[in-house]
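Asks: Per UniProt numbering, the very first residue in the sequence shown carries number 1; after that it's consecutive.
In case anyone wonders, no lab produced these hints; they're calculated from the structure. Here the structure is a predicted model, which is why all the values come from computation and not from measurement. The C-beta atom is built at its ideal place from N, Cα and C for all residues, glycine as well. Keep in mind that a hint or two might mislead.
[Claimed, not checked] Pair ranges (Cβ atoms, derived): (1) Phe15 with Arg57: 11 to 21 Å; (2) Glu50 with Ile149: 21 to 31 Å; (3) Ala245 with His85: 36 to 46 Å.
[To be verified] Calculated lysine-lysine pairs in the DSBU-like style (CA-CA distance at most 35 Å, straight line): (4) Lys86 with Lys206; (5) Lys14 with Lys203; (6) Lys44 with Lys3; (7) Lys158 with Lys206; (8) Lys3 with Lys206; (9) Lys58 with Lys3; (10) Lys100 with Lys44; (11) Lys44 with Lys206; (12) Lys86 with Lys14; (13) Lys214 with Lys14; (14) Lys86 with Lys53; (15) Lys214 with Lys251; (16) Lys158 with Lys214; (17) Lys14 with Lys58.
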Amino acid sequence: MAKYRSALPQLSNKFFITNGGLETTLVFHEGMDLPCFASFKVLKDEARCEWLKNFLRKFVDIARKYDVGFILESPTWRASPDWIHKLGCVEQDVVDMNHKAIELLCDIRDEYETENSQIVINGCIGPRGDAYSPTTTMTIEEAQAYHAIQIGVFSQTKADMITAFTLNYPEEAAGMVKAANAVGMPIAISFTVETNGRLAGGKTLKEAIEFVDKATQNSPIHYMIDCAHATSFEHVLIPDEPWPARIHAVKVRDGTFSLI
């Protein structure tokens with residue numbers, strides 16, 4: 001049974017942090033060949049699983065040091081059907097890799113959680129296509145059907161919530177939310193933006209957030225911005241309007257260059 005799914009502690013006034021970028025660490029610091037930035041492949045190797053635990057422990061130690069909460073993210077950004085197939089894996093890997101990822105995170109929570117540092121287990125999902133060049137897009141209904149497979153797997157684990165990262169057009173985000181709603185999973189939506197503050201699909205953050213909220217009756221627990229430098233979006237956050245208040249988290253990168 002999920003520990004916090006029905007009452008997520010980060011929605012209170014307590015401060016939460018999360019881990020740094022896993023995929024970039026694997027590629028640029030560990031020298032790992034990571035096709036499609038698919039970090040779930042570390043779960044197929046026990047030595048790599050132990051490395052992953054140690055990687056995450058370093059960040060959880062920071063949370064415990066400062067008595068803040070922690071959101072543990074699963075290495076499953078690419079563990080959805082299309083990407084699984086592109087990487088030469090079998091359909092059963094969608095189930096097995098997502099299950100194994102959550103089990104690994106639960107082991108860390110059992111080891112590290114304290115009363116002052118609550119740990120939320122977060123199932124990570126990503127876009128069906130290229131996060132930075134949406135050449136093929138889906139309708140809300142198509143996105144719901146596609147992402148329902150991975151989201152459905154998470155609903156059968158101890159994952160407390162789901163976060164959809166590096167999204168670049170709102171229809172896919174809305175479909176993800178509807179798929180999560182169908183199985184009772186809380187979901188956060190994280191858009192990535194280009195250097196002009198717009199999604200790669202062309203929408204502004206305001207347009208994207210308002211579109212998803214309207215299409216899903218304000219269902220996302222909150223929004224995020226990820227994989228963008230703060231200078232790319234700080235100028236578009238208008239404090240006198242209601243939509244920026246829906247953004248509760250950021251996961252920024254240190255580069256200001258375009259990823260298109």
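Asks: Hint by hint, note whether the structure agrees.
Replies: Hints versus structure:
1. Phe15 with Arg57: 11 to 21 Å: Since the Cβ atoms of Phe15 and Arg57 sit about 20 Å apart, the hinted range of 11 to 21 Å holds.
2. Glu50 with Ile149: 21 to 31 Å: holds (29 Å)
3. Ala245 with His85: 36 to 46 Å: holds (39 Å)
4. Lys86 with Lys206: With a Cα-Cα distance of about 33 Å, the restraint between Lys86 and Lys206 holds, given a limit of 35 Å.
5. Lys14 with Lys203: holds (32 Å)
6. Lys44 with Lys3: holds (26 Å)
7. Lys158 with Lys206: Judged against 35 Å, a Cα distance of about 33 Å means the pair holds.
8. Lys3 with Lys206: Within the cut-off at roughly 33 Å; holds.
9. Lys58 with Lys3: holds (23 Å)
10. Lys100 with Lys44: Judged against 35 Å, a Cα distance of about 9 Å means the pair holds.
11. Lys44 with Lys206: Outside the cut-off at roughly 40 Å; violated.
12. Lys86 with Lys14: Answer violated: Lys86 to Lys14 is near 40 Å, above 35 Å.
13. Lys214 with Lys14: holds (28 Å)
14. Lys86 with Lys53: This hinted pair holds, its Cα atoms lying about 26 Å apart.
15. Lys214 with Lys251: Between Lys214 and Lys251 the Cα gap is close to 25 Å, so the pair holds against 35 Å.
16. Lys158 with Lys214: holds (29 Å)
17. Lys14 with Lys58: holds (21 Å)
When each numbered hint is compared with the structure, violations occur for hints 11, 12.
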